[in-house]
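A.B. asks: The residues making up each chain are set out below.
2 protein chains.
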Amino acid sequence: MASSEVGEKTLGVTTVFSGRVLTVELHEVELPGGRRTSREVVRHPGAVAVVAETDEGHVVLVDQFRYPIGRMSKEVPAGKLEPGEDPLACAKRELEEETGYRAGHWKFVTRFFTSPGFSDEVMYVYYATGLTPGASHPDEDEFLEVSSMSPKEVRHGLASGLFCDAKTLVALQWWAGRRSEK
Amino acid sequence: MASSEVGEKTLGVTTVFSGRVLTVELHEVELPGGRRTSREVVRHPGAVAVVAETDEGHVVLVDQFRYPIGRMSKEVPAGKLEPGEDPLACAKRELEEETGYRAGHWKFVTRFFTSPGFSDEVMYVYYATGLTPGASHPDEDEFLEVSSMSPKEVRHGLASGLFCDAKTLVALQWWAGRRSEK
Chain V
437 MASSEVGEKT LGVTTVFSGR VLTVELHEVE LPGGRRTSRE VVRHPGAVAV
487 VAETDEGHVV LVDQFRYPIG RMSKEVPAGK LEPGEDPLAC AKRELEEETG
537 YRAGHWKFVT RFFTSPGFSD EVMYVYYATG LTPGASHPDE DEFLEVSSMS
587 PKEVRHGLAS GLFCDAKTLV ALQWWAGRRS EK
Chain P
437 MASSEVGEKT LGVTTVFSGR VLTVELHEVE LPGGRRTSRE VVRHPGAVAV
487 VAETDEGHVV LVDQFRYPIG RMSKEVPAGK LEPGEDPLAC AKRELEEETG
537 YRAGHWKFVT RFFTSPGFSD EVMYVYYATG LTPGASHPDE DEFLEVSSMS
587 PKEVRHGLAS GLFCDAKTLV ALQWWAGRRS EK
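Protein chains in written order, with the working numbering: chain V, 437 to 618; chain P, 437 to 618.
Bound conformation, chain V alone (with noise of 0.2 angstroms):
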């Protein structure tokens, strides 16, 4: 099927909020068919992850309290894109500001949308290696905690339930599975 066969075509759009991270759209649509209904759209600027490795062979990662599930989270690094940012660029610039560390190896891994029923959110997710060790300089509303995990602890991790968002998931089963193939 080609989009043209399938698309919606885009009848008006209200922006409902403009906040400082998200605006909000309603969009009236046509549907394949001629049946007209509404669509909620929330615009992001996107985001990039990073599965950071160290020379231990273990991951680094952050523990960091989300308010929208009010609950402590251990994620990979992450951060949103700045306007106009690279996606690598702002990778580098997220692990050394959450963590202090910097890689000498970059590698893109995928990208993917967190959930494209409501956002065009894109995540892209790299691997990074070869990492020197730094102070961390977190956004001054940012309050982490940085640890490690062997890639034991992360596969027990995964089988437990212990991590608990999309991108840490997407990016662990990868470095998890990349591993077991070694």
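Hints are computed from structural coordinates only; laboratory data are not their basis. It is possible that part of the hints are untrue.
As the list makes no split between identical chains, a pair holds if one copy fits it or if it spans any two.
Said to hold, decoys possible - Taking lysine to any residue and the SDA-like style, the derived pairs with C-alpha atoms no more than 25 angstroms apart in a straight line are:
1) LYS510 / LEU467
2) LYS445 / VAL558
3) LYS445 / GLY566
4) LYS516 / VAL545
5) LYS588 / ALA612
6) LYS588 / VAL452
7) LYS510 / GLU444
8) LYS516 / GLY443
9) LYS510 / SER596
10) LYS588 / PHE453
11) LYS543 / PRO574
12) LYS445 / PHE579
13) LYS516 / ASP556
14) LYS543 / SER583
Here the structure of chain V is known, so what remains is to put chain P in place on it, guided by the hints.
C.D. replies: Just chain P, lined up with the frame of chain V:
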């Protein structure tokens, strides 16, 4: 770190949009240390995703136009929770609505938040086997094409970037990893 040490105190909430699916809230919060900031929160009813495996060992997929990203997406069957709906009941309903299949065996795989930095959307993933085909009956604003893929095709699709959404990556990475252990 306990949440109480690092959590953010809610000072006020303004609902800035109430839609058919989403509610968008602007929260004023106090950070640990006393500084104030705002948090933009998208409330979502939650959703389910289903890894449905045929007796031939293939996985059932649906092609669907995703309006917020303006493109087709090949995904595992999925759908939003109705108010008060049990996630497993939702998974059974959505699998049948979208693909016509009913499953004899259901297993919970994992649950995760799609984007906990701005949304509370939770995704429950189930594994369904013992499939019996039947007639699909999608929602009137859904236009779906059902297909299936072998484990080899899925592994190739994962490596080539065929799948572009978080739930499908989490679900198929799990399924492909599980099968490679067999």
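A.B. asks: What hint numbers does the structure not satisfy?
C.D. replies: When the structure is compared with the hints, numbers 3, 6 and 10 turn out to be violated.
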